[in-house]
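Engineer: Generate coordinates for the entire structure from the input sequences, incorporating the hints supplied.
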Amino acid sequence: TYIKDSEISRFNDSQSTEWFPISPEFLKVTVAAQKISEMSNGAFDISFASLGYMYDYRKKLKPKDSDIKDKLPLFHYQHVGLDDEKQTIRFKKEGTLIDLGGIAKGYAVDQGIAILKQHGVKFAHLSAGGDMRLLGDKNGAPWIIGIRNPRDESKQSIVLPLSDTAISTSGDYERFFLGERGERIHHILSPKTGKSVKGMRSVTVLANDSMTSDGLSTAVFVLGVESGLKLINQLNGIDAVLIDERGKVHYSK
Numbered sequence: 001t002y003i004k005d006s007e008i009s010r011f012n013d014s015q016s017t018e019w020f021p022i023s024p025e026f027l028k029v030t031v032a033a034q035k036i037s038e039m040s041n042g043a044f045d046i047s048f049a050s051l052g053y054m055y056d057y058r059k060k061l062k063p064k065d066s067d068i069k070d071k072l073p074l075f076h077y078q079h080v081g082l083d084d085e086k087q088t089i090r091f092k093k094e095g096t097l098i099d100l101g102g103i104a105k106g107y108a109v110d111q112g113i114a115i116l117k118q119h120g121v122k123f124a125h126l127s128a129g130g131d132m133r134l135l136g137d138k139n140g141a142p143w144i145i146g147i148r149n150p151r152d153e154s155k156q157s158i159v160l161p162l163s164d165t166a167i168s169t170s171g172d173y174e175r176f177f178l179g180e181r182g183e184r185i186h187h188i189l190s191p192k193t194g195k196s197v198k199g200m201r202s203v204t205v206l207a208n209d210s211m212t213s214d215g216l217s218t219a220v221f222v223l224g225v226e227s228g229l230k231l232i233n234q235l236n237g238i239d240a241v242l243i244d245e246r247g248k249v250h251y252s253k
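Residue numbers for the sequence shown follow our numbering, so the first one is 1 and each next one is one higher.
Since the hints were made in silico from the structure, they are not lab data.
Nothing here was measured: the structure is a model prediction, and the numbers come from that model.
A couple of the hints might just be wrong.
Ranges of calculated distance between the beta carbons of each label pair, as one might list FRET restraints [stated by the list, open to error]:
no.	residue 1	residue 2	range
1	54	159	34 to 40 Å
2	18	67	27 to 33 Å
3	154	59	25 to 31 Å
Here are the computed lysine to any residue pairs in the SDA-like style, where the Cα-Cα straight-line distance is at most 25 Å [said to hold, decoys possible]:
no.	residue 1	residue 2
4	138	25
5	198	244
6	198	129
7	59	187
8	92	193
9	60	74
10	4	56
11	253	157
12	105	239
13	62	99
14	195	149
15	230	248
16	69	177
17	62	79
18	60	78
19	192	49
20	195	74
21	105	90
22	192	179
23	138	209
24	62	245
25	60	193
26	138	161
27	93	209
28	138	113
29	93	25
30	28	100
31	138	128
32	62	185
33	105	161
34	155	128
35	71	6
36	105	23
37	105	135
By construction, the Cβ of each residue, glycine as well, lies at the ideal position given by its N, Cα and C atoms.
Structural biologist: Spelled out as structure tokens, the structure:
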């Protein structure tokens with residue numbers, strides 16, 4: 001979205017309620033995003049950009065309550081229409097904007113692993129920020145992967161021995177600033193309030209691919225401990241580690 005002539009920026013700028021042709025790559029990531037939105041009952045939502053652009057974490061700026069009230073009706077994944085067969089997308093509500101930042105990095109990691117596999121690589125560790133994919137093991141032993149302490153980047157809260165898996169972490173420490181009353185204003189927004197989600201510090205999800213783990217880590221962060229674990233425990237081959245606002249650790253089954 002920060003590249004003005006990118007496909008996603010051109011779609012946002014068009015505000016097209018008519019069907020807008022997109023590339024297979026754009027379609028693939030958006031279809032995956034919408035599936036996670038359905039699965040999580042809207043907790044994951046690419047239309048957060050409709051309101052999210054008013055936050056500037058570097059400049060410590062947040063929207064006024066009146067601006068949030070004005071933009072919140074645009075914040076709903078069902079305002080984005082997709083036609084898989086015709087490879088097109090459209091806005092159902094004018095003023096809606098999308099941002100694939102919550103899932104596209106996972107897709108990029110998966111693409112990186114696919115390239116390595118094509119070149120005969122059998123063992124690899126590929127990461128991009130909070131998203132990581134492990135191909136095979138590490139010389140016959142598992143990779144040792146740490147989940148950082150959300151309040152002390154020099155420490156690990158948990159260490160996991162892993163192989164052949166994708167792991168993604170969403171945390172309230174990635175992009176944030178402290179408000180006037182010391183409250184943490186971070187980049188994971190609630191579709192219900194338009195404000196930073198409360199109650200969680202970090203969510204780590206393990207899955208077979210990074211696009212899934214990336215999207216689900218955000219969804220579970222928004223859902224919170226009880227609803228988030230309920231969702232994960234219904235999904236085959238998916239695991240999660242949650243750290244709540246008190247620093248307590250919760251595990252999926």
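Engineer: With reference to the structure, classify each hint as holding or not holding.
Structural biologist: Verification of the supplied hints:
At about 38 Å, the beta-carbon gap between residue 54 and residue 159 stays in the expected band of 34 to 40 Å. A beta carbon spacing of about 28 Å between residue 18 and residue 67 agrees with the range 27 to 33 Å that was offered as a hint. Distance hint check: the CB atoms of residue 154 and residue 59 are about 27 Å apart, consistent with the given range 25 to 31 Å. The hinted pair formed by residue 138 and residue 25 fails the criterion: a straight-line CA distance of about 31 Å is larger than 25 Å.
Between residue 198 and residue 244, the direct Cα distance comes to roughly 9 Å. Compliance with the 25 Å bound is thereby established for this hinted pair. Distance hint between residue 198 and residue 129 is fulfilled; the C-alpha atoms sit about 22 Å from each other, no more than 25 Å. Proximity of residue 59 to residue 187 is assessed by CA-CA distance (about 13 Å); at most 25 Å being required, the pair is judged to hold. At most 25 Å may separate the alpha-carbon atoms for a hinted pair to count; residue 92 and residue 193 meet this at roughly 21 Å.
As the CA atoms of residue 60 and residue 74 are separated by approximately 23 Å, the hinted pair is consistent with the 25 Å bound. The straight-line distance between the Cα atoms of residue 4 and residue 56 is roughly 18 Å, inside the 25 Å bound, and the hint therefore holds. Between residue 253 and residue 157 the CA atoms are separated by roughly 19 Å; this keeps the pair inside 25 Å, and the hint holds. Note on residue 105 and residue 239: the hinted pairing holds, with a Cα-Cα distance of about 19 Å set against a maximum of 25 Å.
Simply put, residue 62 and residue 99 have alpha-carbon atoms about 18 Å apart, close enough for the 25 Å limit, and the pair holds. The hinted pair formed by residue 195 and residue 149 meets the criterion: a straight-line CA distance of about 23 Å does not exceed 25 Å. For the hint linking residue 230 to residue 248, the alpha-carbon distance of about 17 Å falls within 25 Å, and the restraint holds. Between the alpha carbons of residue 69 and residue 177 the distance comes to roughly 22 Å, so the proposed pair stays at or under 25 Å and holds.
A hinted pair counts as satisfied when its Cα atoms are at most 25 Å apart, and residue 62 with residue 79 qualifies at roughly 24 Å. This hinted pair does not check out: residue 60 and residue 78 have alpha carbons roughly 30 Å apart, beyond 25 Å. The hinted pair formed by residue 192 and residue 49 meets the criterion: a straight-line CA distance of about 14 Å does not exceed 25 Å. For the hint pairing residue 195 with residue 74, the CA-to-CA distance comes to about 14 Å; that is within 25 Å, so the pair holds.
For the proposed pair residue 105 and residue 90, the alpha carbon gap of about 23 Å is at most 25 Å, so the pair holds. Distance check on the hinted pair: residue 192 and residue 179 sit about 20 Å apart at the alpha-carbon level, within 25 Å; holds. Between residue 138 and residue 209, the direct Cα distance comes to roughly 18 Å. Compliance with the 25 Å bound is thereby established for this hinted pair. Note on residue 62 and residue 245: the hinted pairing holds, with a Cα-Cα distance of about 21 Å set against a maximum of 25 Å.
Distance hint between residue 60 and residue 193 is fulfilled; the C-alpha atoms sit about 19 Å from each other, no more than 25 Å. Pair hint residue 138 plus residue 161 holds up; C-alpha atoms about 10 Å apart against a cutoff of 25 Å. Between the alpha carbons of residue 93 and residue 209 the distance comes to roughly 32 Å, so the proposed pair goes past 25 Å and is violated. About 15 Å separates the Cα atoms of residue 138 and residue 113, which keeps this hinted pair within 25 Å; it holds.
For the hint linking residue 93 to residue 25, the alpha-carbon distance of about 24 Å falls within 25 Å, and the restraint holds. Annotation: proposed proximity of residue 28 to residue 100 holds, straight-line Cα distance about 11 Å (limit 25 Å). This hinted pair checks out: residue 138 and residue 128 have alpha carbons roughly 19 Å apart, not beyond 25 Å. For the hint linking residue 62 to residue 185, the alpha-carbon distance of about 8 Å falls within 25 Å, and the restraint holds.
For the suggested pair residue 105 and residue 161, the alpha carbons sit about 23 Å apart, so the restraint of at most 25 Å is met. At most 25 Å may separate the alpha-carbon atoms for a hinted pair to count; residue 155 and residue 128 meet this at roughly 19 Å. At roughly 24 Å between alpha-carbon atoms, residue 71 and residue 6 fall within 25 Å of each other, so this suggested pair holds. With a C-alpha separation of about 17 Å, the suggested pair residue 105 and residue 23 falls inside the 25 Å cut-off, and the hint holds.
Straight-line distance between C-alpha atoms of residue 105 and residue 135 comes to about 17 Å, which keeps the hinted pair within the 25 Å bound.
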